[in-house]
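Those sequence lines, one after another, are chains A, B and C.
Anchor point for the first sequence: position 67 equals 67 in my numbering, and the numbering is continuous, going up by one each time.
Anchor point for the second sequence: position 73 equals 73 in my numbering, and the numbering is continuous, going up by one each time.
Anchor point for the third sequence: position 84 equals 84 in my numbering, and the numbering is continuous, going up by one each time.
The reader is advised that the hints may include incorrect statements.
No copy is singled out in the list; a pair is fine if it fits within one copy or between any two copies.
[What the hints assert, rightly or not] In silico EDC-like pairs for lysine to aspartate or glutamate, Cα to Cα no more than 20 Å straight-line:
# : residue 1 : residue 2
1 : 109       : 83
2 : 61        : 86
3 : 109       : 68
4 : 61        : 139
5 : 61        : 73
6 : 109       : 131
7 : 61        : 19
8 : 61        : 83
If you're looking for bench data, these hints aren't it; they were derived computationally from the structure.
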Amino acid sequence: MHQATHRLTVSTSGRGFRELTSEIVRWLAQRNVTTGLLTVFCRHTSASLLIQENADPDVLKDLEAFFERLAPEESGRYVHDAEGPDDMPSHIRAALTQTQLSIPVVSGKMVLGTWQGIYLLEHRRAPHRREIVLHFLGE
Amino acid sequence: MHQATHRLTVSTSGRGFRELTSEIVRWLAQRNVTTGLLTVFCRHTSASLLIQENADPDVLKDLEAFFERLAPEESGRYVHDAEGPDDMPSHIRAALTQTQLSIPVVSGKMVLGTWQGIYLLEHRRAPHRREIVLHFLGE
Amino acid sequence: MHQATHRLTVSTSGRGFRELTSEIVRWLAQRNVTTGLLTVFCRHTSASLLIQENADPDVLKDLEAFFERLAPEESGRYVHDAEGPDDMPSHIRAALTQTQLSIPVVSGKMVLGTWQGIYLLEHRRAPHRREIVLHFLGE
Chain A
1 MHQATHRLTV STSGRGFREL TSEIVRWLAQ RNVTTGLLTV FCRHTSASLL IQENADPDVL
61 KDLEAFFERL APEESGRYVH DAEGPDDMPS HIRAALTQTQ LSIPVVSGKM VLGTWQGIYL
121 LEHRRAPHRR EIVLHFLGE
Chain B
1 MHQATHRLTV STSGRGFREL TSEIVRWLAQ RNVTTGLLTV FCRHTSASLL IQENADPDVL
61 KDLEAFFERL APEESGRYVH DAEGPDDMPS HIRAALTQTQ LSIPVVSGKM VLGTWQGIYL
121 LEHRRAPHRR EIVLHFLGE
Chain C
1 MHQATHRLTV STSGRGFREL TSEIVRWLAQ RNVTTGLLTV FCRHTSASLL IQENADPDVL
61 KDLEAFFERL APEESGRYVH DAEGPDDMPS HIRAALTQTQ LSIPVVSGKM VLGTWQGIYL
121 LEHRRAPHRR EIVLHFLGE
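Chain A on its own, in the form it takes in the complex (with noise of 0.2 Å):
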């Protein structure tokens, strides 16, 4: 039985979608591993992950016109506002999707679908640095 973890730091742009899913490929194909358990984990509670399709981008613009429909950045809608208009929505945000995903890994390679890709979400508006922790358990 084998373990390896990892921490990825990533600089986001401001809000929207980072895909991931080659980094974590890369770092996955250099362990050498056939069959185990892939975590993902992100150390953030403004920024959060989502498996969604990586064909075609206006699913990802969607998406985001969603979440801003859902949870507006409208002066005096939250109490917490200490970091801006965009703070309390990012929270949300991150509420809704994910902090942590775990995959299969079989014949050393992740279990995702055809369209499936792995991503980062940044909430806040400006650029930020994100820990991620990628934690693989198998063999």
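Fit chains B and C to the given chain A structure using the hints.
Chains B and C in isolation, oriented as in the chain A frame:
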């Protein structure tokens, strides 16, 4: 330490909840395991997973109605509609629920609560064949 | 390779956020582990889990207000109301948050970020006793 993986193919009859619990219980029973972690992974972005009450079917109907109000099929509402008006609402429903679930196994059984069932949520209107990966890691 | 499981019983005082972080940290410390994966599993469909900011309590109040608007307790809105007006809103809140969280453990500690706390969300109005399963797999 022991690992096992399985690809479960599920035919859905269009939008709705399809319970997977008994199929997963059966697969696990055949593995002859005691303690570990079972992961269920959905290889799609317009279908997803959810643990919900499996006693009163009205819970699932109300959840369906909730998602219908939250992400309606409305002409002009979404940019991405290549596969029809149910295309983008499907991605939104998948984003708000789970692509992956991991459930501890103790004494050979998942630790599900009395009323918990594991569901595949088909979000598209048309019937689909969906691939679910099961992975067990433990002993 | 090492495994450990524990059933944590939590008494809630009705709807709200109950932080579990210190109880989980304590249990983990007693296991004397180094590296692995810790899974937290909630055995209920009207209570759930969430990793959120544990610094400013206003974040939790705003999240509560968000869910109140999103799935209001409204007479006639839901079919399933056997246990009262807070019954179905509880299932919806549970569906939109997490039943399970898996967190990598490095050097004996969960890799939570500085502001991250692990919360049990009680969605029902009345106090409940909730069962949470902890499972560690690693070394």
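Status of the hints after comparison with the structure:
Neither within a single protomer nor between protomers do residue 109 and residue 83 lie at most 20 Å apart by alpha-carbon distance, with minima of 40 Å and 29 Å respectively. For the homomeric pair residue 61 and residue 86, the shortest alpha-carbon distances inside one copy (18 Å) and between copies (16 Å) are both at most 20 Å. Proximity of residue 109 to residue 68 under the C-alpha cut-off of 20 Å is found in neither arrangement, the shortest distances being 35 Å within a copy and 36 Å between copies. For a Cα distance limit of 20 Å, the shortest separation of residue 61 from residue 139 qualifies neither inside one copy, at 38 Å, nor across copies, at 42 Å.
In this assembly of identical chains, residue 61 and residue 73 lie within 20 Å of each other by CA distance both inside one copy and across copies; the values are 17 Å within and 17 Å between. For the homomeric pair residue 109 and residue 131, the shortest alpha-carbon distance between copies (16 Å) is at most 20 Å, but the shortest distance inside one copy (23 Å) is not. Taking the shortest Cα distances, residue 61 and residue 19 sit within 20 Å of each other inside one copy (14 Å), while across copies they are farther apart (31 Å). In this assembly of identical chains, the alpha carbons of residue 61 and residue 83 lie at most 20 Å apart only when taken from different copies (16 Å versus 25 Å within one copy).
Consistency note: the structure conflicts with the earlier hints numbered 1, 3, 4.
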